[in-house]
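K.L.:
Chains A and B supply the protein sequences, listed in that same order. Under the working numbering, the first residue of the first sequence is numbered 9, with each subsequent residue one higher. Under the working numbering, the first residue of the second sequence is numbered -14, with each subsequent residue one higher.
It should be emphasised that the hints constitute simulated quantities derived from the structure, not laboratory data. For glycine and all other residues, C-beta sits at the position ideal for the given N, C-alpha and C. Treat the hints with care, since some could be wrong.
Derived list of chain B stretches under chain A, where covered just means 3 residues or more per stretch with a C-beta under 8 Å from a C-beta of chain A [unchecked claim]:
| id | segment |
| --- | --- |
| 1 | -8 to -1 |
| 2 | 5 to 18 |
| 3 | 63 to 69 |
| 4 | 76 to 89 |
| 5 | 101 to 110 |
| 6 | 129 to 137 |
| 7 | 175 to 188 |
Straight-line distance between alpha carbons at most 20 Å, and here's what the computed PhoX-like set of lysine-lysine pairs gives [said to hold, decoys possible]:
| id | chain 1 | residue 1 | chain 2 | residue 2 |
| --- | --- | --- | --- | --- |
| 8 | A | K118 | B | K52 |
| 9 | B | K31 | B | K76 |
| 10 | B | K103 | B | K76 |
| 11 | B | K103 | B | K31 |
| 12 | B | K76 | B | K33 |
| 13 | B | K52 | A | K32 |
Chain by chain, the residues run as shown.
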Amino acid sequence: MPRESEFFQRDRTIHPPAFTPSYKTSVLRSPRLPLLSLQNSLSEVTGPVFGAQELGPLDNDLILNYAKNGEAIGQRLIVHGRVTDETGAGVANTLLEFWQANAGGRYRHKNDRYLAALDPNFGGCGRTLTDADGAYAFRTIKPGPYPWRNFVNSWRPAHIHFSLFGTGFAQRLITQMYFEGDPLLAHDPMFGMIPDREAASRLVAPLDLNASVPLDTLAHRFDIVLRGRRSTVFENKLQGN
Amino acid sequence: MVQLLSYLKETASQTAGPYVHIGLLPRQAGFEVFANNLGEVMVGPKTKGERVTIEGRLIDGAGVPVKDALIELWQANAAGRYHHAADRQHKPIDDDFRGWGRSGCDFETGRYCFRTVKPGQVVGRSGHRPMAPHVNLWIVARGINIGLSTRMYFADEEAANAADPVLNLIEPASRRNTLMGQRQTRDQDVVYNFDIYLQGERETVFFDI
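Isolated chain A (complex conformation) (with noise of 0.2 Å):
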């Protein structure tokens, strides 16, 4: 049962700031003003739950999830890790959905002009739930870079969007996993924008032999930290009763 303690107070400095010329749009899509520290009450302690009968078993397999006559064409990719966290306990039942390219770099997406073509066999997203140690792991392919419209030559590195939930809505996070040794990080604002470097390297996706499966899957690790919640017997409660 989640505590009703509320979180750690969020280290912006490791997050990308709102306005940062580098990545066009955030120009008129970023806050002026300073946002409004507010001490949590319930609103934010607190957050959806999701249950395991809402999703379908596949919904973690992203070279079956979406097969038509075939399964998605690319690099097979296991990617696992575990979601703590800033105590290192493992977010336990917490849901994750993740999207991505298909291996040439096109998104199954009708705003997606890109020339590549798409993979009838590969949709491009899936979900699953934390177990209770805060251990997930998905199967699909390896996105491929794709170039996008902020300077006249800018190319994404390869990377698979996460989304996560926690346990309250004070901890809701979207992020991106990059590939270990991808030499268009050098080049990407979103990578760079991270005004902290280590917190951008923990972005950065190992790869992981001991959990490829040998003559069929190659895997990546990407552990996922959360804002942690305080537990002190001398914190101020949250509620009266």
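Fit chain B to the supplied structure of chain A, relying on the hints for placement.
P.N.:
Quick look at chain B alone, frame taken from chain A:
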């Protein structure tokens, strides 16, 4: 010398990007993949409370609606209780109301929309007055590097709003109006209209929660 504190650091946020719908609203991206889709309809036939629609637009610094944003809403039920173990108020849980929904802004009009019920008052932090009915919003999009948190209050709850401990933190007081959903009736439906302004004279109050 000193002992080491062994806390981990939160994973850095990255933008949801223009194709957030693929992962979170695949039908809006243009395809079917899941048997069970999450979305904007938060009520079922047995949900208790007054049915309301909450809708509006997300406006950028040029005054133009953002058409590729995704907004999530989290709220208490009609009795004022969150469907979550941390809420120990002595109020009934509504088993037909999770209290959460997700809406993608329309690619043509930019409008988002939630079908829900009006929440009740929720207890404030210990020692503070109750919080006026409100819904919590979380906004992501291409160009938004870290999700934005705000609240919508109900403009017709004037007495409760005047006493709300969060609204009363906002200075100047005129900015409290940026969090007010305006009640309207349309074809016998109750609609709260709530436009969110990312920048400019009417910039919405966003919270660091």
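K.L.:
All hints, please: hold or fail.
P.N.:
Results for each hint:
no., hint, result
1, -8 to -1, "holds (count 8)"
2, 5 to 18, "holds (count 10)"
3, 63 to 69, "holds (count 3)"
4, 76 to 89, "holds (count 3)"
5, 101 to 110, "holds (count 4)"
6, 129 to 137, "holds (count 7)"
7, 175 to 188, "holds (count 3)"
8, A:K118 with B:K52, "holds (13 Å)"
9, B:K31 with B:K76, "holds (18 Å)"
10, B:K103 with B:K76, "holds (16 Å)"
11, B:K103 with B:K31, "holds (15 Å)"
12, B:K76 with B:K33, "holds (13 Å)"
13, B:K52 with A:K32, "holds (17 Å)"
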